[in-house]
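S.K.: Sequences listed follow chains Z and S, in order.
Each step along the first sequence adds one to the number in the numbering used here, with nothing skipped, and position 248 is 248.
Each step along the second sequence adds one to the number in the numbering used here, with nothing skipped, and position 62 is 62.
Treat the hints as calculated values from the structure; they're not laboratory data.
Values in this document were obtained by computation on a predicted structure and should not be read as measured data.
Possibly wrong hints are sitting among the right ones.
Quick look at which bits of chain S chain Z covers, simulated, 3 or more residues with Cβ under 8 Å [said to hold, decoys possible]:
no., region
1, 60 to 74
2, 100 to 109
3, 214 to 225
4, 251 to 259
Glycine is no exception: its CB is placed at the ideal position from the N, C-alpha and C atoms.
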Amino acid sequence: MEEAHEVPPHIRLGLSRQRLISGLRTMIASRETDDRLWLLNRQGRAHFVVTPAGHEATQLGCAWAIRVGHDYVVPYYRDMTLVMALGQSILDILLHAMARRDDPSSGGRQMFGHFSSRRLRIVSGSSSVGSHLVHVAGIALAFRVKGEQDIAVMGLFGEGATAEGAWHEGLTVAGIYQLPAVFVCENNQYAISVPVNKEVPVPNVATKAAGYGMHGVVVDGNDVFAVYEAAHQAMERARNGGGPTLLECKTYRLRPHTSADDDRRYRKSEEVEAWRARDPIKRFEHYLVEHGIITHDEIEAMRREVRAEVDAATDAALAAPWPSIESIADHVYG
Amino acid sequence: MPVMTFLEAIRSAMHDAMAADDRIIVLGEDVAVRGGVFLATEGLLARFGERRVIDMPIAECAIVGVAIGAAIHGLLPIAEIQFADYIYPAIDQILNEAARLRYRSNGDWSCPIVVRAPFGAGIHGALYHSQSVERLFTSTPGIKVVIPSTPADAKGLLIAAIHDPDPVIFFEHKQLYRSVRGEVPEGIYHEPIGKAVVRRSGADMSVFSYGLMVHYALTAAEQLAAEGIDAEVIDLRTLAPLDRAAILASVEKTGRALIVHEDVLTGGIGGEIAAIIAEHAFEYLDAPVRRLASPDLFAAPFADPLEDHFMLNPQKIAAAMRDLARY
Ligand SMILES: Cc1ncc(C[n+]2csc(CCOP(=O)(O)OP(=O)(O)O)c2C)c(N)n1
Ligand SMILES: [Mg+2]
């Protein structure tokens, strides 16, 4: 927490009460939806879950820095909180997880976590780790070619992705042409089981920025204000012709990698518990209560409301139609 | 109609298409200042500027991946891979990203890029400057694979590829660049992707080919005509999607089929064509379907006798045709 004499970050950053409260609602909706997805998975009704739990502050802070439907976002599979903050509803998420016809991300074609919406300028990705950072550079190059100013693209990835060739190539091009792109590393310190010191040869991923001629910034990824401040600065710099940024958000995932993982095989429960105590949602709630933005009772009421929405969306998604067999070969070619 | 080399036709396609539509950009290694190592993009920088003609670092995955990103935001990029032999780092981008973007987003996004790559042997390029790699791209849906053989087709098919709503891999045989000339229409026109053409009509056998091998097959067919064998030569032009109707129509007429390609025998498109004929035109056949292809090796070795042995030529094709006619 900041010193008493300092201006509280939400005031300094000009975040309105309404924005803070809707942000909290997004975080809670994300966590409640994630809880539900794990439950549905255990019940055999959702084949696959990939969790954003623990990454909520990183993703909300980044989402706040994006002008929705204007700037482009190229997410990865962990970014459920991000896409919810950008406008995908709880029902949208559940339809995607249940692979229903009306899944807005892929019409039931991609496994969970492959978020997409042309309307929101959220770009569809594959499962191939790191393969999307070259697309980030390409989108940013297209702004340049078209003479568009005041626009930027944000690409997100885990620290494990930074070992991939495609990651290196994307940042190389963005750096050479000083493109309006922001590369956000959600460093949760593991690539499935492999710890960060076996994925990244330097203590901070952001150090690599120097090699690409871009700004490198490290923030506490569990502090939504720190993330927003850095992401906003980076996006503004990109929009104003100041070049790309590699922003590293240090965080931790509070659940196994996916529903197919058992994280007890590679990390100690004490470590997980220590990070659970630093849960970014609790931290944000605490801040908002302390600064008189919201009360505990209001938060509890919000949580109940969100749960009711998750219940309704679960029922709706389970009752929603499957894609038709006849549609299996649609959209191979235009 | 102006007469152009194959290379000039390629350049003219990019030039005319770019002049008509400022969404079209060119990117690749050495494409801007130098005009490409084969000079396919010569003059484009001066005419269209560095915003639209972009020198890229030696990063093939990025050359294709950046093209994909630019297409996502509404451009029509032409990515050049300097030699087909170096397309491998871009394969993940081509097959996992470009080919699948439309399908995986249920039609929400699309990927109208062209990937141009010079390919083929016979120019002393050895193992890493003479490969034929088309077989790696013909079994993934979502992309189209085009290989022209004449200047007029090179221009019309390349413009069609640029305007195509889906990713097109466009292979240009290096030996054709300067050795083949022909009349080429001025301005914008399309040759249809997915349609084969009959280059020589004949009654006794069908020879299916593409790229440089079409020219060799035509030379061989003339030799055989003098011997009383009347061969039909079909230029496939597009390997994906294959023009099945044209293949079957020709075999139904002639009853004999030979497929000729510079790509290796095993896994080359000839196997697929043979299977199509066996499945759908068996009762028309008077002889087994034959394939003539490069040996199952990596590419033409550097040593002259080895390169000569590796490469097909009109004599080898004529021999295979004679053999088939005699069956
Ligand atoms: C190219 C590729 N290799 C391997 C995998 C399998 N895989 C999926 S996620 C993952 C770990 C990625 O870790 P990181 O980038 O740190 O992201 P995190 O999951 O920790 O958020 C691996 C190895 C993959 N999807 N793509
Ligand atoms: Mg990680």
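S.K.: Please go over all the hints and tell whether each is borne out by the structure.
M.R.: Each hint, compared with the structure:
1. 60 to 74: Held - the region 60 to 74 of chain S has 13 residues with a Cβ nearer than 8 Å to chain Z, which meets the minimum of three.
2. 100 to 109: holds (count 10)
3. 214 to 225: It is violated, with 0 qualifying residues against the three required.
4. 251 to 259: Result for this restraint: violated, n = 0.
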